[in-house]
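Chemist: Below, each chain spelled out in residue letters.
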Amino acid sequence: MLELRYDPIKNQLVASATKRQDRTFFPPKKFCPLCPTKSNDNPTEIPANNYDIVVFENKFPTFSKDANKILPDNFNKDYFHYDKSQSKGICEVVSYTSDHNLYLEDMPENHISNLIKVWQDRYNELGQKNFIKYVLIFENKGKEIGVTLSHPHGQIYAFPYIPPIPEVELNSSKKYFTKNNKCLHCEIIKREIEERSRIIFQNDYFIIFIPFYAKWPYEVHIYPIRHLGNICQLEEYEINSLAKSLKELINRYNKLFNFRMSYAMIIHQNPTDNKNYDYYHFHFEFYPPYRTENKLKYLAGCELAAGTFINDTLPEKKAAELRKLK
Amino acid sequence: MINKNSEPDTDKNLEEPIKNIAKKKEIIKEDGRYLIYYDFDDK
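Chains as they are written, first to last, in my numbering: chain A, 1 to 326; chain B, 327 to 369.
Honestly, the hints are just simulated from the structure, not real lab data. For every residue, glycine included, the Cβ atom is placed at its ideal position computed from N, Cα and C. Watch out, some of these pointers could steer you wrong.
As the list claims (entries may be wrong) - Pairwise CB distance ranges (calculated): (1) B:Arg359 to A:Leu296: 44 to 54 Å; (2) B:Gly358 to A:Asp41: 16 to 26 Å; (3) A:Phe309 to B:Lys349: 40 to 50 Å; (4) A:Glu194 to B:Gly358: 35 to 45 Å; (5) B:Lys349 to A:Lys19: 49 to 59 Å.
What the hints assert, rightly or not - 30 Å max Cα-Cα, derived BS3-like pairs, lysine-lysine: (6) B:Lys349 to A:Lys175; (7) A:Lys59 to B:Lys351; (8) B:Lys349 to A:Lys19; (9) A:Lys324 to B:Lys350; (10) A:Lys244 to B:Lys355; (11) A:Lys215 to A:Lys65; (12) A:Lys143 to B:Lys349; (13) A:Lys29 to B:Lys351; (14) A:Lys295 to B:Lys350; (15) A:Lys30 to A:Lys10; (16) A:Lys255 to A:Lys174.
Unchecked claim - Okay, the calculated bits of chain A under chain B, using three or more residues with CB under 8 Å as the criterion: (17) 28–37; (18) 280–287.
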């Protein structure tokens, strides 16, 4: 059962996807559904016996492209109703490699560049569809984040609406641009470069830093220095630079506590609803759940009830730790 | 709620088609889900 229900109190949509309760949970390597099919007796999700990068529709989706009802553009959040909209949208899995043990940070840079080109193609193709308003590309890594398959992979959720966190970012960006005729994110990049204390590393095309307002101890943002609204606008040299930056950041994470750091990696980009978002600046956000080598940051009362994050650390100190780990 | 299944799927104009993808092959699996192979020449 796939449903979208509207919470009129918090003014948010909640997606129900009951089939996800049955999804594959850490199968042994020989039964990994993302490995290529090596024997007809043991077919996986991917019929070929080898591949570079594969994208396929999620077997346990939150949204379905086949739903025949979607939220109308003028969906009225101002009145009280108990409608159960079907969750029209698309959920994809991106298998980064046929090698079960080759994590993103261990891949050759050219393969990561190719993955970025696949992300570009998916953003473009999914975003072209009329019922898709927002394309969210992300990777959940590690059991602490809730991953159920260890094979290196990411996901793409093509939403039939702009989800609330991107919507807040877009509204703030628009408000700042309208008032100052400047990109809010470009201004943040400028300030980070001036202060330098939160920058982990930087190259000609990307800046990698813990934001002044980080919610999580090791939350890192990667911004293209050039004002770009989505990943498709990257030139070849920027794609290669981004590949190098992703590899370097994750390797620094891994060196921090001498184990592979779990994280949620997300890309915030322009919506795909055909409106003008020239004021927005696309970027990556990384959310590792660890606050020390053996302690996790949990969302508890204050975060869940008040919406105020308590960061047990200072971004400047955590950035200095990551900066040292070259 | 409205039914938009009868509307064309794509009439937006977002970005130029992505270049530099050597080969892209789509298949439909037995259960109706699509799967796309992206192959690159730089191996």
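Chemist: Run every hint past the structure and note whether it holds.
Modeler: Status of the hints after comparison with the structure:
1. Distance hint check for Arg359 (chain B) and Leu296 (chain A): the Cβ-Cβ separation is about 34 Å, which falls outside the suggested range of 44 to 54 Å.
2. Under the hint 16 to 26 Å, the C-beta atoms of Gly358 (chain B) and Asp41 (chain A), about 23 Å apart, fit the expected range.
3. Roughly 44 Å separates the CB atoms of Phe309 (chain A) and Lys349 (chain B), a value that falls within the hinted 40 to 50 Å.
4. The supplied range of 35 to 45 Å is broken by Glu194 (chain A) and Gly358 (chain B), whose beta-carbon atoms lie about 54 Å from each other.
5. For the pair Lys349 (chain B) and Lys19 (chain A), the supplied restraint of 49 to 59 Å is violated, since their beta-carbon distance comes to about 32 Å.
6. With a C-alpha separation of about 42 Å, the suggested pair Lys349 (chain B) and Lys175 (chain A) falls outside the 30 Å cut-off, and the hint is violated.
7. Only pairs whose Cα atoms come within 30 Å are accepted, and Lys59 (chain A) paired with Lys351 (chain B) is accepted, the gap being roughly 19 Å.
8. Between Lys349 (chain B) and Lys19 (chain A) the alpha-carbon distance is near 33 Å, which puts this suggested pair outside the 30 Å criterion.
9. Note on Lys324 (chain A) and Lys350 (chain B): the hinted pairing is violated, with a Cα-Cα distance of about 41 Å set against a maximum of 30 Å.
10. Only pairs whose Cα atoms come within 30 Å are accepted, and Lys244 (chain A) paired with Lys355 (chain B) is rejected, the gap being roughly 35 Å.
11. For the hint pairing Lys215 (chain A) with Lys65 (chain A), the CA-to-CA distance comes to about 34 Å; that exceeds 30 Å, so the pair is violated.
12. With a C-alpha separation of about 33 Å, the suggested pairing of Lys143 (chain A) with Lys349 (chain B) is violated against the 30 Å cut-off.
13. About 26 Å separates the Cα atoms of Lys29 (chain A) and Lys351 (chain B), which keeps this hinted pair within 30 Å; it holds.
14. About 43 Å separates the Cα atoms of Lys295 (chain A) and Lys350 (chain B), which puts this hinted pair outside 30 Å; it is violated.
15. Taking the CA atoms of Lys30 (chain A) and Lys10 (chain A), the gap is near 44 Å; set against the 30 Å cutoff, the hint is violated.
16. For the proposed pair Lys255 (chain A) and Lys174 (chain A), the alpha carbon gap of about 38 Å is over 30 Å, so the pair is violated.
17. Note: the stretch 28–37 of chain A has 0 residues with beta-carbon separation from chain B under 8 Å; the three-residue rule is not met and the coverage is violated.
18. A count of 0 residues in the stretch 280–287 of chain A with a Cβ less than 8 Å from any Cβ of chain B is obtained; the coverage claim is therefore unmet, three being the minimum.
In this structure, the earlier hints numbered 1, 4, 5, 6, 8, 9, 10, 11, 12, 14, 15, 16, 17, 18 are contradicted, and the remaining ones agree with it.
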